[in-house]
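Visitor: From first to last, the protein sequence lines are chains A and B.
First residue of the first sequence? That's 1 in my numbering, and the numbers climb one at a time after it.
First residue of the second sequence? That's 1 in my numbering, and the numbers climb one at a time after it.
If you are wondering where the hints come from, they were derived from the structure by calculation, not from laboratory data.
Incorrect hints may appear among the rest.
[As the list claims (entries may be wrong)] One-sided excerpt, in silico: chain B residues whose CB lies under 8 Å from chain A:
#  : residue
1  : Ala24
2  : Leu27
3  : Val28
4  : Thr53
5  : Ile55
6  : Lys61
7  : Arg63
8  : Ser64
9  : Asp65
10 : Asn84
[What the hints assert, rightly or not] Derived contacts from chain B toward chain A, CB cut-off under 10 Å, selection only:
#  : residue
11 : Ile34
12 : Phe35
13 : Val93
As the structure is a prediction and not an experimental result, all values here were calculated from the model.
Glycine residues also receive a C-beta, built at the ideal position from the N, C-alpha and C atoms.
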Amino acid sequence: MSDITKQSLTELVESIKNKKLSSSEVTKAFIERSEKSKVLNAFITEDFTSALDKAKKFDQKPDLDLKLPGIPMAVKDLFCTKNIKTTAGSKILNNFVPTYESTVTENIWNEGAILLGKLNCDEFAMGSSNETSFFGNVQNPIDKNLVPGGSSGGSASAVAGQLTPITIGTDTGGSIRQPASFTGTVGLKPTYGSCSRYGIVAFASSLDQAGPMAQNVRDCALLQEVISSFDAKDSTSIDFKRNHYSKDLTNNIKGKKIGIPKEYRVDGMPKEIEDLWQKGIEYVRDCGAEIINISLPHTSYALPTYYIVAPAEASSNLARYDGVKYGYRANGENLIDMYEKTRSEGFGAEVQRRIMIGTYVLSSGYYDAYYLKAQKVRRLIKNDFDEAYKKVDAILTPSTPSSAFKIGEKTNDPVSMYLNDIFTVPVNLAGLPGISIPAGHDTKGYPLGLQIIGKAFDEQNILNIAFAMEEKINFKNKITDWWIK
Amino acid sequence: MSIDLKTIKHISKLSRISVDDQRAKKLVGDLNSIFDFIEKLNELKTENVKPLTSIAETTLKLRSDEVQSKNIREQIIKNSPQDNEDYFVVPKVIE
Numbered sequence: 001m002s003d004i005t006k007q008s009l010t011e012l013v014e015s016i017k018n019k020k021l022s023s024s025e026v027t028k029a030f031i032e033r034s035e036k037s038k039v040l041n042a043f044i045t046e047d048f049t050s051a052l053d054k055a056k057k058f059d060q061k062p063d064l065d066l067k068l069p070g071i072p073m074a075v076k077d078l079f080c081t082k083n084i085k086t087t088a089g090s091k092i093l094n095n096f097v098p099t100y101e102s103t104v105t106e107n108i109w110n111e112g113a114i115l116l117g118k119l120n121c122d123e124f125a126m127g128s129s130n131e132t133s134f135f136g137n138v139q140n141p142i143d144k145n146l147v148p149g150g151s152s153g154g155s156a157s158a159v160a161g162q163l164t165p166i167t168i169g170t171d172t173g174g175s176i177r178q179p180a181s182f183t184g185t186v187g188l189k190p191t192y193g194s195c196s197r198y199g200i201v202a203f204a205s206s207l208d209q210a211g212p213m214a215q216n217v218r219d220c221a222l223l224q225e226v227i228s229s230f231d232a233k234d235s236t237s238i239d240f241k242r243n244h245y246s247k248d249l250t251n252n253i254k255g256k257k258i259g260i261p262k263e264y265r266v267d268g269m270p271k272e273i274e275d276l277w278q279k280g281i282e283y284v285r286d287c288g289a290e291i292i293n294i295s296l297p298h299t300s301y302a303l304p305t306y307y308i309v310a311p312a313e314a315s316s317n318l319a320r321y322d323g324v325k326y327g328y329r330a331n332g333e334n335l336i337d338m339y340e341k342t343r344s345e346g347f348g349a350e351v352q353r354r355i356m357i358g359t360y361v362l363s364s365g366y367y368d369a370y371y372l373k374a375q376k377v378r379r380l381i382k383n384d385f386d387e388a389y390k391k392v393d394a395i396l397t398p399s400t401p402s403s404a405f406k407i408g409e410k411t412n413d414p415v416s417m418y419l420n421d422i423f424t425v426p427v428n429l430a431g432l433p434g435i436s437i438p439a440g441h442d443t444k445g446y447p448l449g450l451q452i453i454g455k456a457f458d459e460q461n462i463l464n465i466a467f468a469m470e471e472k473i474n475f476k477n478k479i480t481d482w483w484i485k
Numbered sequence: 001m002s003i004d005l006k007t008i009k010h011i012s013k014l015s016r017i018s019v020d021d022q023r024a025k026k027l028v029g030d031l032n033s034i035f036d037f038i039e040k041l042n043e044l045k046t047e048n049v050k051p052l053t054s055i056a057e058t059t060l061k062l063r064s065d066e067v068q069s070k071n072i073r074e075q076i077i078k079n080s081p082q083d084n085e086d087y088f089v090v091p092k093v094i095e
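Go ahead and model the full structure; you've got the sequences and the hints to work with.
Guide: Laid out in structure tokens, this is it:
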């Protein structure tokens, strides 16, 4: 049984198509492992009984032409799933049961996949360590009491721990790529407008994107192919020609121009990350790509910009949680008192902090100084990338400035927590695709990732570069199953 | 620039999030350290820069105004914290 959960998505699809394995066998294997892995706290809601039923039904009449035939998978609890509780990691949505399905998950089920359950995440995706979840910390399968990163921490933990063959997360400032980097897995943040935001609990609407997380690049490409679609229900969904990312995947990146931005060499970055980056540069060079030094001069302004734009949008998006139509309600003496107590008791500390920052930067007298200023700097950051892409096809950087840290290590200092996203945030601000692939280990044996940033809509190119690098790197994740007795 | 206790109380009112004094004091510290970090943007001259409001610079598409979801009233009401089967119920607003 345990062998089944070790297989990649591509292998599992192959096995089901060749009738070597049934969907029921595969589903059962992942459920059994998940049952033994409660310590990881990766799941908020399990849907195992119904998953087994669906697998049985699939086996009775298998449609083997589908892209994810009878493949069980768990998804981040930020995607609305019809008739299945969707919490966004928050107390305020603890009893919320959507009446509709998100487009991204709908696309997944339409290709034959089966829902295993909903995965833990930072509350409303606001966090970089999964420690802001109302449902508790998630353990990183790499080591005990290590954060899996965030906000898609449950998703990263579940893929690395083999509780699900693949998953989807969302990425507003690094929430797919940073946890992928912390857990030795692959995570893709697609171009803004590539995957529909319909039915995803909103955090910062001009930045949010859903994306795949997997054990390898090919699996990631296949899932991206399934979830990326034009959707009239999302007003910012973009109608562009989408590739068959997995079929078109190639390790031939000869002649590609790869940019190395000098501004990503930040103060205090550990030498092992600098060395890893250098190794990455050698790998792409070995693959026949050309290395070009570039400059993204406004990089150091990305995080301050993000911490105005994202909270501003969040404060507007989260105004809907008022205890009236759905979610948690506290008793109050009058309507206003009810609102104020509901939001005070229903939201956790980090979410309250961000709503208050957002409210402040949008408030009368401060709008121009903060919000408008940030939107202007956001333009400068995007212009940096536009300039760079006149010279290069993609950009190679580290994914994070450090490896995974211990639970509790950074909870008291919000700014030091925010610095985790220093290399990933510029990509969201510019709406570009970025992928993190595992590239090595630090001295503690914790995984480290490299990020490849592409031009808008050029997912295929960064997947190809990632695929070529993956072969050279030959990364082996060190999972000891320490949590299974 | 610094954010004082009075400002925190004001933002808390605007945000419709009640905070007690202890929490408000903590927020003074947190928000000041975050705004210190944000102030870095003032190093940049941006008078002539056009603000970027949306990364997908497309005009919004129109669609016909048709009802897509039907007969979900009961399900919708079921998610409300307090209901009388027909309406959402809130504390009394008019005396």
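Visitor: The structure should be examined with respect to each hint, and the outcome stated for every one.
Guide: Here's how the hints hold up against the structure:
Proximity of B:Ala24 to chain A is violated relative to the hint, the smallest CB-CB distance being about 10 Å (cut-off 8 Å). Proximity of B:Leu27 to chain A holds as hinted, the smallest CB-CB distance being about 7 Å (cut-off 8 Å). Residue-level restraint check for B:Val28 is violated (minimum Cβ-Cβ distance to chain A is 11 Å; threshold 8 Å). This hint holds: B:Thr53 has a C-beta 6 Å from the nearest C-beta of chain A, less than the 8 Å allowed.
Evaluation of the B:Ile55 hint against chain A yields a held restraint, the C-beta minimum of about 3 Å falling below 8 Å. Taken as an interface hint, B:Lys61 checks out: its beta carbon lies about 7 Å from the nearest beta carbon of chain A, inside 8 Å. This hint holds: B:Arg63 has a C-beta 6 Å from the nearest C-beta of chain A, less than the 8 Å allowed. For B:Ser64, the suggested interface contact is broken, since its CB lies about 10 Å from the closest CB of chain A, more than 8 Å.
The interface hint given for B:Asp65 is violated, since its Cβ lies 13 Å from the closest Cβ of chain A, which is over the 8 Å cut-off. Of the supplied interface hints, the one on B:Asn84 is violated, with its beta-carbon coming no nearer than about 13 Å to a beta-carbon of chain A, more than 8 Å. Interface hint status for B:Ile34: upheld, as the beta-carbon distance to the closest one in chain A is roughly 6 Å, under 10 Å. At a threshold of 10 Å, the smallest CB-CB gap from B:Phe35 to chain A is about 8 Å, leaving the interface hint in force.
Nearest Cβ of chain A to the Cβ of B:Val93: about 5 Å, under the 10 Å cut. The hint holds.
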